[in-house]
Amino acid sequence: MLKMTDVKKVFRTDLVETHALKDFNLQVGEGDFVAVTGPSGSGKTTFLNIAGLLETFDGGTYELDGQDVSNLNDKHRSQLRNEKIGFIFQGFNLIPDLNLFDNVDVPLRYRGFNSAERKKRIENSLEMVGLAQRMKHLPSQLSGGQQQRVAIARALAGEPRFLLADEPTGNLDTKMANSVMELLKTINDAGTTIIMVTHDADLAKQARRNIYVRDGQVSEL
Amino acid sequence: MKQSQPQTSTSWELGPILRAMLRNKVGAILIALQIAITMTIIVNSVYIIVERNKDMQRDSGIDNENSFYLTSVGFGDNFNVPNTVEEDLNMLRALPGVVDAIQTNAVPNSNSGWSMGLKTQSGVEHDAVGTAVYMVDDHGVNALDVEIIAGENFAPSDISLRIVGQVDWPNKTIITKAMAENLFPDINYADVVGKTVYINDIDPMVVVGIIDKLQAPWVNWSNVENVMLSPERQSFKGSRYFIRTEPGMRDTLMNQVEELLANSNNQRLIKGMRSIEETRERSYRGHTAMIKILTTVMVILTIVTALGIVGLASFSVNQRKKQIGTRRALGATQGTIIRYFMFENFLISSIGVLLGAILTVILNVILVNAFGLDRLDWFYIPIGMLVLWLVGQAAVFGPAKKAANIPPALATRTV
Amino acid sequence: MFNYYIKLAFKSFKRNPILSLLMVTAIALGIGASMTTITVNYLMSANPIPHKSEQLFHIQVDNWDPNNPFNDDEDALPNQLTWTDATNLTHAKKALRQSAMSMSGAIIEPQDSESKPFEASIRLAYTDFFAMFDVPFLYGGPWDNNSDSNREQVVVLSKRTNESVFGGENSIGKNIVIAGRHFQVVGVIDTWEVMPKFYDVNNGPFNETEELFMPFSLKEDLELPNWGNNNCWKSPDGEGYAAFLRSECINTQMWVELPNAQAEADYLDFLNNYVRSQKELGRFPRPLHNRLNDVMEWMERREVVEEDAKMMMWLSFMFLLVCLLNTIGLLLAKFTGKSSEIGLRLAVGASKADVFKQHIVETACIGLVGGIAGLGLTLVGLQGIKSLYGDFVDDLASLDASMIVVALVIALVSSIAAGLYPTWRACNISPASQLKSQ
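Chains as they are written, first to last, in my numbering: chain A, 1 to 221; chain B, 222 to 636; chain C, 637 to 1074.
If we strip away everything but chain A, and leave its shape as in the complex, we get (with noise of 0.2 Å):
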């Protein structure tokens, strides 16, 4: 499903140079949940980053569901992250000038769908989270863990293979952390794959299989 072999990233600024990543090798199955723990600074960002192609790296090969995606164009990446890939971030990152329905459609409008089949997706997606009551809401209307909620409809919609959640519950209260946590077992035991970086221990023992970063580099727990 996910294939990192010896993946290197180098941060250079005029005077320094950060190996984030150094020989990174990871294989994640189909229908996995894997949880990513690590002190700050390990080079979870990175992997998480790389990963869902949100960025370059600058070694070593990565295979996502078969495909070598080591030297896609960026549009190409683009259409990867669209079709295979959904998003979860610790900040939420709902569009604020957009309500639940168009947040939840931004993705689905890159996708080409046409009108009928968003608005099934959409609807289907926050009917799942449970806020299909209120898609004319605006995101600041909500709480933390409602608009997580959202967040995630927003990254189901598309029906990817892969889930990536960066700290879902960073900025949640525990109650809300748990419903979340809940909720993404939910979908993985529906068959999406899930990589979930934290630094929460607790967090990270309710999914199937942990690894721990340190150094940039993988070491399974």
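What the hints contain is simulated information worked out from the structure, not anything from laboratory work.
Do not rely on the hints blindly, as some may be mistaken.
Listed next, the in silico BS3-like pairs over lysine-lysine satisfying Cα-Cα at most 27 Å (straight line) [claimed, not checked]:
(1) C:K993 x C:K647
(2) A:K75 x B:K543
(3) C:K974 x C:K993
(4) B:K246 x C:K993
(5) B:K622 x B:K246
(6) C:K833 x C:K795
(7) B:K246 x C:K988
(8) B:K513 x C:K946
With chain A's structure known, arrange chains B and C on it following the hints.
Below, chains B and C without anything else, positioned relative to chain A:
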């Protein structure tokens, strides 16, 4: 997984963009208003420029490049005007390079001259048609470089001498085609030859010839082509000579003529020597200045508006960095992002140019009423709309490009 | 506190130099364009003789064609008088001061053989001209009443003519040959340029003052040419200069000084009676219609301000409006960009009024800098106007102190007006919303 449709059909996001815009009305309204007023000013300015240019391009009838004139003012008791004029003209006409020379009371396009009214019927109760008067001798037609298109020129024996305070007029005249058509709208200009017209309400003059075209002294007069020639020399203290030269000889002859005339008689002075080119430049200076000023205003205004769009768009890109990163993460290509901002600007511009079209018409109506301008031709408006659309699109392209370069990884950054 | 706000304004200016520069440029351009056209209009419509413009009147009487009014305008009256009426009215002496006047020209022959003869413009007038218009004298003074009635060959020189003929010395009593006649110099006036040249707008309201002044009565004796506008509705009865002067052709201006409303009413009565008596002589075939126009009414009636100048002024106001809309947009952008700073200030105890003041000061600073830059652009604009229109606008394109004040006031007021909405928005930021990370 459902089969996805081809990417090229990515929809324009009209609905979401509109709804997002409505949440940030002020910025959009400001840009739309700027575009509307800019369009109003630009379209009306262009129209004024075009109209003024048309005025300046009109044919004066005379040989603009190769004609000049000057005034000889006599003083002292022994100064005999008719003799001096005769001597001067003989001397001028004999000069190599001079095509012809005349004494005249006024010069086309110089903004100062005589006007009279001509009537087709005798009597104070009838309406007169205003006309400029040039008093010339039988060389007038040649010196002024006009063509007799019907009838004939004055004969040397037709020429009389006008004294200061003289009231009556010669009994022959030559008029322009435009004047003939204004006097006798119902008949062909050629048939005006032989007709009698009345000057001073009752004094008859017979039209002996029609000339093709000659402009009056006053360039802003609405009947600038209403001109009559009167077969006269003048015995005024100041004599104006109009001289037409061979091509390229004008400047040499101007110096030569001034010196010759000044030296031929110490009881006079020569003043006001000027080429027709310079005269026209002076008479149309207001037009030229207006054109240059309006052009400058238009250019600066367009730059100001464009910079305003760049400024607000850059700001809005900065404000929406996170959102753009998120969109990129969710699968927007760079092209999609550029298109988003271009389309957003297109919508705002559309409101602007529609409002602009209305304001343009209103300003034009005001200008028509307050300053006597002509009605705007309709096609200026769609052209103006198109131009402002393009300005908006060009201005927003830079910020849109910047937005497209925002990395998708920004989405995972917690700022 | 004010100083603190100023300091903050400059800090803010430095933080967003490009945005700030854009705003200053926009205001400067708007102010520059408006002030250029306002200056030209202001000078064109200036009151040329402010202390007594309401006591000086140009006379209009309707001696025109019974079949056609003077022009298409509803209550149009001939814009000059006949020689006959102007001299009659002057000789009647019914006003405090009065003078018929017209423009002419003649050749001056300097006595020393080295100088060449030259042509000079002449203002023909009565002695009251000088007192009525407060003409300043360098040497001597006006001729007296007797010179007017006796048609004496006396002359008042302009300062420049005195310089070119007499080298600038006191030339009172000296002899000068004008139009072939010997004249005695009785006065030399100091620099006197009225703008507009209200007493005779026919030859261009912004032309220079004449080079010579001499008794109006000499016009007939010397058969001096008419340099102004001459307009006839019927031809003179008879040939020659005398017949021309006595014709119904209008070519003479007529000004009177009437110190108060009573004098004005009395004079209009006198004028009406005069015209009635002329009607008995078979003149004035149109309905009785006479008018007194004070200086500014006359300037208005004669449309001294060029239409192009007015049009440009209105266009430049629209230009300023675009620049201000621009500034509003940019200020909005700038202040929104500062929302976290504002949130912080509110959180640490600033009141809304404090935040409001801070940002209005910031806006005013931008306006002031823009206004000063705009003044610079105005100078450039006026220089441009001079080079485009030529010499005759020289005096129409200069900036005086009051215009500088006007420019700065417009810049301040308009920039503060532009800043109101963005500032209001800035004040209404909730402190809490800005302190959380996005």
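Okay, the hints, checked on the actual structure:
no.	hint	verdict
1	C:K993 x C:K647	16 Å, holds
2	A:K75 x B:K543	19 Å, holds
3	C:K974 x C:K993	15 Å, holds
4	B:K246 x C:K993	25 Å, holds
5	B:K622 x B:K246	23 Å, holds
6	C:K833 x C:K795	17 Å, holds
7	B:K246 x C:K988	24 Å, holds
8	B:K513 x C:K946	16 Å, holds
Going through the hint list in order, the structure satisfies each hint without exception.
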